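Going down the list, the protein sequences come from chains A and B.
Each step along the first sequence adds one to the number in the working numbering, with nothing skipped, and position 160 is 160.
Each step along the second sequence adds one to the number in the working numbering, with nothing skipped, and position 92 is 1092.
It is worth saying that the hints were derived from the structure and are not from the lab.
One or more of the hints may lead you astray.
[Claimed, not checked] Label pairs and their calculated CB-CB ranges:
no. : chain 1 : residue 1 : chain 2 : residue 2 : range
1   : B       : Val-1113  : A       : Arg-53    : 44 to 50 Å
2   : A       : Asp-90    : B       : Asp-1023  : 28 to 34 Å
3   : B       : Ala-1123  : A       : Asp-29    : 43 to 49 Å
4   : B       : His-1048  : A       : Asp-90    : 37 to 43 Å
[Stated by the list, open to error] Incomplete in silico selection of chain A near chain B, CB under 8 Å:
no. : residue
5   : Val-27
6   : Asp-29
7   : Pro-30
8   : Ala-109
9   : Ser-139
10  : Ile-144
11  : Gly-146
12  : Tyr-151
13  : Ala-152
14  : Pro-171
Model, not experiment: these values are computed from the prediction.
For each residue, glycine too, the CB sits at the ideal point set by N, CA and C.
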Amino acid sequence: MSAFVTAVLVLACSTASADPPALKAGVFDPPRSAPDFSLSGSDGRELRMSHYRGRVVLLAFGFTSCTEVCPTTLNTLALARRKLGPAAGDVQVIYITVDPQRDVPSRMAKYLHAFDPTFVGGSGTEEQLAAVRKSYGISAEKKIVGDDYTYAHSSFTYLIDRGGRIRALMPYGHSPDDYARDLSILLKE
Amino acid sequence: MIAGALVAVVCAGLVPIRTSSRDRVFEIPKGTWARRMSGDKVEILPDHIRLTLGLRDILVLRNHDDVPQIFGPTLMMPGQSFRLPFERASEYQFACTAHASGQMTIVVEPTPVTPWARIYWRARELLHAAT
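Using the sequences and the hints, build the whole thing.
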């Protein structure tokens, strides 16, 4: 009983709260290099992560037939870029499909253009995409729905700095303001 | 002794809660991968985690093992940590292949402001610390 009393008093009288972290996103320490890959870009060119060194990259995974998570995330990223003004020129959104059967580069280009014409999509073979997902710790599970199918997939977005390091992970549901704030911090580095 | 307990409960209900750290830490110990390979069922991260806004609202994951591990929503390298703050009370779902359900749920509760809520929070923290 006396231990309980002491513990409660210690908890009641403990010191002030620590400062909140600088980024709204979850931060990796130390950050690791973003694994490179070679996929078919929706712009008709080879898509490699290493091509974007010197810019801040927002990397998301999904599929164009997604009706919930992906449209919300892509719209959020588009709004965040607009909030940045001219600085958005140094921010690249890369969206890699988990559904190569339907998401050929031309379909991805049309889909992404509706959100922001600067967005680039990546597609490839099942094996190529599985390797990319593994290197980034992304899950994607195909689920049959009647005569159709859908995917349950990781819904977060990676924030990759100008040096090509995975600095942070923004969970699904954050606002364009949160993204714009974190991007501003990374862009100043 | 009873008077002391009563004072403690009253304090627990009336004194605003302050914490020295807002981190809720989960760590993968060194050797976890080897233990799993030898057949041990090692559960480190529960599939439901409760956090409290303003008090214990930062999820911290650390991988002390020698190999990369899927930990919670993400892949973590050996020696790497991940610090995820929460700013809104809500329920958050993450895909997590480490759990049989394929999902990890983080419930972020509002800051306790009533006496009963403070007592409940402090009692739960004590239980958490004891386990």
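Against chain B, is Pro-30 (chain A) within 8 Å by beta-carbon distance?
-> Constraint on Pro-30 (chain A) satisfied, holds at 7 Å.
Status of the Gly-146 (chain A) interface restraint (C-beta, 8 Å, chain B) = 21 Å, violated
Satisfaction of the Ser-139 (chain A) interface hint, Cβ to chain B closer than 8 Å = Nearest chain B Cβ about 5 Å off; hint holds.
At the C-beta level, are Val-1113 (chain B) and Arg-53 (chain A) separated by a distance inside 44 to 50 Å?
-> 48 Å, holds
Would the stated hint for Tyr-151 (chain A) survive a check requiring a Cβ distance to chain B of less than 8 Å?
-> 10 Å, violated
At a threshold of 8 Å, is the proposed contact between Val-27 (chain A) and chain B supported by beta-carbon distances?
-> It holds, given that the least Cβ distance between Val-27 (chain A) and chain B is near 5 Å, below 8 Å.
Given Ala-109 (chain A) as an interface hint, is the shortest Cβ-Cβ distance to chain B below 8 Å?
-> For Ala-109 (chain A), the interface hint is violated, since the closest Cβ of chain B sits about 27 Å away, which is over 8 Å.
Could you check the hint for me, namely that His-1048 (chain B) and Asp-90 (chain A) are 37 to 43 Å apart, CB to CB?
-> Check passed, 40 Å falls within 37 to 43 Å.
Is it true that Asp-90 (chain A) and Asp-1023 (chain B) lie within 28 to 34 Å of each other by Cβ?
-> Between Asp-90 (chain A) and Asp-1023 (chain B), where Cβ atoms are some 32 Å apart, the hint holds.
Does Pro-171 (chain A) meet its interface restraint, that is, does its C-beta lie within less than 8 Å of any C-beta in chain B?
-> 6 Å, holds
Hint validity - Asp-29 (chain A) Cβ closer than 8 Å to any chain B Cβ | 5 Å, holds
Answer holds if the nearest beta-carbon of chain B is closer than 8 Å to that of Ala-152 (chain A); otherwise answer violated.
-> 6 Å, holds
Consistency note: the structure conflicts with the earlier hints numbered 3, 8, 10, 11, 12.
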